[in-house]
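Enquirer: Given chain A, put chain B in place with the hints provided.
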Amino acid sequence: MLAKRIIPCLDVTNGRVVKGVNFVELKDAGDPVEIARRYNEAGADELTFLDITASSDNRDLILHIIEAVAAEVFIPLTVGGGVREVGDVQRLLNAGADKVSINTSAVTNPQLVKDAADRYGSQCIVVAIDSKRVGDHWEVFTHGGRKATGLDAIEWAKKMESLGAGELLLTSMDRDGTKSGFDLELTRAISEAVDIPIIASGGVGNLQHLVDGVREGRADAVLAASIFHFGEYGIDEAKKYMKQHGIEVRL
Amino acid sequence: MSVDIAVIDYGMGNLRSVSKAIEHVAPAATVAVTSDPAAITAAGRVVFPGQGAARDCMREIDARGLRQAIVDAARSKPFLGICMGMQVLFEHSEEGDTACLGILPGSVQRFPHEAMHDDRGNKLKVPHMGWNNVHQVVPHPLWAGIEEGARFYFVHSYFVQPASPEVIAGFSHYPFPFTCAVASANMFAVQFHPEKSQNAGLTLLGNFVTWNPGASETACDMSGAACA
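From first to last, the protein sequence lines are chains A and B.
Under the working numbering, the first residue of the first sequence is numbered 1, with each subsequent residue one higher.
Under the working numbering, the first residue of the second sequence is numbered 1, with each subsequent residue one higher.
Excised from the complex, chain A in its bound form:
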């Protein structure tokens, strides 16, 4: 039976993982390659790297990181952040990424999603949707949740599927950083509106939240950063908890 996936997310800037990491005996707490290695050994099903480097001068650093990780970690690697054109997708894939996540540029240039999916296949195109509740619906936001787009999140998800996205990474900006759990209503609404897999993100504070994301939110995968980085929970611990709650996982 297909397992629900657990995906740790690493925010990378200027070649270093930020948000703080607290692995036991980790010599260099901010080294993305070391952290990726640890997560792989702990049983992560995939890894997502989000490049939050502001300056374009240091953008190539992520390519070197992905090259180094891909040479020794043989699970799917997704990279997002600053993907603006098909050339960016190509550079990341050539460096060893298996999937590329497109966020703001999907809004400013939806054709990019179609062009990238046509050229490299839907399997490697993830569209990241940052969404906030506005009145009685959810709206798509860009620029880290600062910029409203006026787009309805459910309609947007369907449009991205039709343009060739192979997967959606759905982040609730209302819940992100709150540790109060996923926006289950949003996750479920989008998961039921499309046929492609949904990765739920934003708000995980404990292991029950992961279970709820799958059970109530109907997510196909759950993404979390801080609960794993700060060593509150291990990946293996999270998987055992999910299994105890009747969720199929890869142990």
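These are calculated hints, taken from the structure and not from any lab test.
Mixed in with the good hints there might be a few duds.
[What the hints assert, rightly or not] Capping the alpha-carbon separation at 25 angstroms, the derived lysine-lysine pairs in DSS-like fashion look like this:
{"id": "1", "chain 1": "A", "residue 1": "243", "chain 2": "B", "residue 2": "123"}
{"id": "2", "chain 1": "B", "residue 1": "123", "chain 2": "A", "residue 2": "158"}
{"id": "3", "chain 1": "A", "residue 1": "179", "chain 2": "A", "residue 2": "159"}
{"id": "4", "chain 1": "A", "residue 1": "114", "chain 2": "A", "residue 2": "179"}
{"id": "5", "chain 1": "A", "residue 1": "179", "chain 2": "A", "residue 2": "243"}
{"id": "6", "chain 1": "A", "residue 1": "147", "chain 2": "A", "residue 2": "159"}
{"id": "7", "chain 1": "A", "residue 1": "114", "chain 2": "A", "residue 2": "159"}
{"id": "8", "chain 1": "A", "residue 1": "159", "chain 2": "B", "residue 2": "123"}
{"id": "9", "chain 1": "A", "residue 1": "132", "chain 2": "A", "residue 2": "159"}
[To be verified] What follows is a list of derived Cβ distance ranges for each label pair:
{"id": "10", "chain 1": "A", "residue 1": "94", "chain 2": "B", "residue 2": "105", "range": "35 to 41 angstroms"}
{"id": "11", "chain 1": "A", "residue 1": "245", "chain 2": "B", "residue 2": "121", "range": "27 to 33 angstroms"}
{"id": "12", "chain 1": "B", "residue 1": "72", "chain 2": "A", "residue 2": "185", "range": "55 to 61 angstroms"}
{"id": "13", "chain 1": "B", "residue 1": "173", "chain 2": "A", "residue 2": "64", "range": "38 to 44 angstroms"}
{"id": "14", "chain 1": "A", "residue 1": "155", "chain 2": "B", "residue 2": "139", "range": "50 to 56 angstroms"}
The model shown is predicted, which means the values in this text are computed figures rather than measured ones.
From the three backbone atoms N, C-alpha and C, an ideal C-beta is built for every residue, glycine too.
Expert: The following block gives chain B in isolation, referenced to the frame of chain A:
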């Protein structure tokens, strides 16, 4: 100079993961990602990966003049098809109504929308994406050291339906059983991605780079089993 292992490049997707994983399990081998038919013909073993749509794959194979080299390699030397590189070995794909290489009898079809529900009635997504159990139907040198039911990483919307059940080497469930590995003489092909399947995948690739199909055929002959 001929290479030990040729990874066929026909412009369909990113082959870096495949070549990296093979280099990892065969550090002493020369591995070349190539679209040169002569290099494929001269190589000791051939890996045939692929992503994207069947019609585009077939068009790119022919645009590069690779069809004959692929067919010859699949019939003569250790050959590993991966994902789309498995599907196009068959005669026909429903995806884009595409005539494929026809090395193996059978067809390729999409996960049917009406069947995509689990036993609780929840919708199952297509593509089938993630880690699923692979059940080994027959003993095979490429399964050596891999636990029955081990999980491999999949991402696909279409699956193969071999016309000859005897080529089926493995199956998975989504939600019904479907063929995810086939074996015939020197050829082995898988729907999942061994290059992305951590230890189980590396074990399979490691088995491939040392596989000697001639030897296993002899063993089959001696045991009297039907190994055609």
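Enquirer: Look at each hint and say if it fits the structure.
Expert: A quick look at each hint next to the structure:
About 20 angstroms separates the Cα atoms of residue 243/A and residue 123/B, which keeps this hinted pair within 25 angstroms; it holds. For a cut-off of 25 angstroms, the pair hint linking residue 123/B to residue 158/A stands: about 16 angstroms separates their Cα positions. Our distance criterion of 25 angstroms between C-alpha atoms is broken by residue 179/A and residue 159/A, whose separation comes to about 30 angstroms. For the given pair, residue 114/A sits about 34 angstroms from residue 179/A by alpha-carbon distance, which is inconsistent with the 25 angstroms threshold.
Straight-line distance between C-alpha atoms of residue 179/A and residue 243/A comes to about 22 angstroms, which keeps the hinted pair within the 25 angstroms bound. Under the criterion of a C-alpha separation no larger than 25 angstroms, the hint pairing residue 147/A with residue 159/A is consistent with the structure, at around 20 angstroms. Between residue 114/A and residue 159/A, the direct Cα distance comes to roughly 11 angstroms. Compliance with the 25 angstroms bound is thereby established for this hinted pair. As the CA atoms of residue 159/A and residue 123/B are separated by approximately 19 angstroms, the hinted pair is consistent with the 25 angstroms bound.
A hinted pair counts as satisfied when its Cα atoms are at most 25 angstroms apart, and residue 132/A with residue 159/A qualifies at roughly 18 angstroms. Checked against the hint of 35 to 41 angstroms, the C-beta distance between residue 94/A and residue 105/B comes to roughly 37 angstroms, which is consistent with it. Checked against the hint of 27 to 33 angstroms, the pair residue 245/A and residue 121/B fails, with Cβ atoms roughly 19 angstroms apart. Between residue 72/B and residue 185/A the beta carbons are some 57 angstroms apart, a value that agrees with the proposed interval 55 to 61 angstroms.
Between residue 173/B and residue 64/A the beta carbon distance is about 40 angstroms. The supplied range of 38 to 44 angstroms therefore holds. For the hinted restraint 50 to 56 angstroms between residue 155/A and residue 139/B, the CB-CB distance of approximately 51 angstroms keeps it satisfied.
The earlier numbered hints that this structure contradicts are 3, 4, 11.
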